[in-house]
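From first to last, the protein sequence lines stand for chains A and B.
The first sequence begins at 1 in my numbering and counts up one residue at a time.
The second sequence begins at 1 in my numbering and counts up one residue at a time.
If you're looking for bench data, these hints aren't it; they were derived computationally from the structure.
All values reported here derive from a predicted model rather than from experimental measurement.
Beta carbons: idealized from backbone N, C-alpha and C, even for Gly.
Mixed in with the good hints there might be a few duds.
Unchecked claim - Cβ-to-Cβ under 8 Å is the rule here; a few derived chain B residues that face chain A:
(1) Pro2
(2) Asp7
(3) Gly10
(4) Val18
(5) Arg19
(6) Phe23
(7) Tyr81
(8) Glu100
(9) Leu104
Claimed, not checked - Sample of chain B residues facing chain A (criterion: CB under 7 Å; computed from the structure):
(10) Asp8
(11) Val14
(12) Asp16
(13) Tyr21
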Amino acid sequence: MQTANAIATAPQAMVLSADGSYLYIGGNPLNGSATIVRCNTVSWAVDLQWQVPAATGNYGSGIVSMATPPDSPQTLIISTYSDILIYDRDQHRLFDATAAGFPAFQGHRLLFAGQKRIYGNLGYTAPNTTGFCLTWLNYDAFGISTF
Amino acid sequence: MPPEVQDDHGVTYVSDGVRNYVFSMPSPELLPFNSQVAYAADPANRQAWEIIPSGYQTQLFQYNMDSQQLLFKTQVSYPYYSSPGVLYPAGNGAVLLVQENSVLLIP
Numbered sequence: 001m002q003t004a005n006a007i008a009t010a011p012q013a014m015v016l017s018a019d020g021s022y023l024y025i026g027g028n029p030l031n032g033s034a035t036i037v038r039c040n041t042v043s044w045a046v047d048l049q050w051q052v053p054a055a056t057g058n059y060g061s062g063i064v065s066m067a068t069p070p071d072s073p074q075t076l077i078i079s080t081y082s083d084i085l086i087y088d089r090d091q092h093r094l095f096d097a098t099a100a101g102f103p104a105f106q107g108h109r110l111l112f113a114g115q116k117r118i119y120g121n122l123g124y125t126a127p128n129t130t131g132f133c134l135t136w137l138n139y140d141a142f143g144i145s146t147f
Numbered sequence: 001m002p003p004e005v006q007d008d009h010g011v012t013y014v015s016d017g018v019r020n021y022v023f024s025m026p027s028p029e030l031l032p033f034n035s036q037v038a039y040a041a042d043p044a045n046r047q048a049w050e051i052i053p054s055g056y057q058t059q060l061f062q063y064n065m066d067s068q069q070l071l072f073k074t075q076v077s078y079p080y081y082s083s084p085g086v087l088y089p090a091g092n093g094a095v096l097l098v099q100e101n102s103v104l105l106i107p
């Protein structure tokens, strides 16, 4: 077994697929695009790697957090500095949160992914309150959904 | 709240049948936002846990989801550059406390 630093550059987030077969590591290199590295947890070999492009008009694509759904080990949900995206292997589903019509998500921290919904934390609360602002988005085979 | 979010005797969590994520549970104190509090629950064994940082100590509390009693379990130090840790139910009523330099199984 290796450390995340030995596998990915500037690792920011890690998540296991629900069946434990893959470990995804998201890194934010100082000079370059955010990168996802997928490790097979049997061989501990990197078997897939891809870059997450920056959204139009945004400086970087930095990864904030990641989540995996319960029923698809090859699917990864990523929140970046500006958006929420779903990948099947290294293929981006058509609708990210911005394309689905949601306002830009800045630093949205993903907490959990169920079969149809992604749960997250917007990272702020109303004045004079404690706790956090729980949010959720629906998703389907095309990506983030408004239904 | 979506229907898969459950409130079970004060423990609010979402589950996909295998994994769960705890959003909140009773605490010994009013917790400020963004404190590095972490939760875990094992609904089958009717237990939930939370860790609350205090200085560079992690305080672990256990909550019985039937009797609704919150108990202080233990206190573990953690490095100043690190986080207080993450909890994983062990599935037998115990919990794993994972910190940067240690993994503790706490019965």
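Check your understanding: Quick check: which numbered hints come out false for this structure?
Key -> 2, 3, 7, 8, 9 and 10
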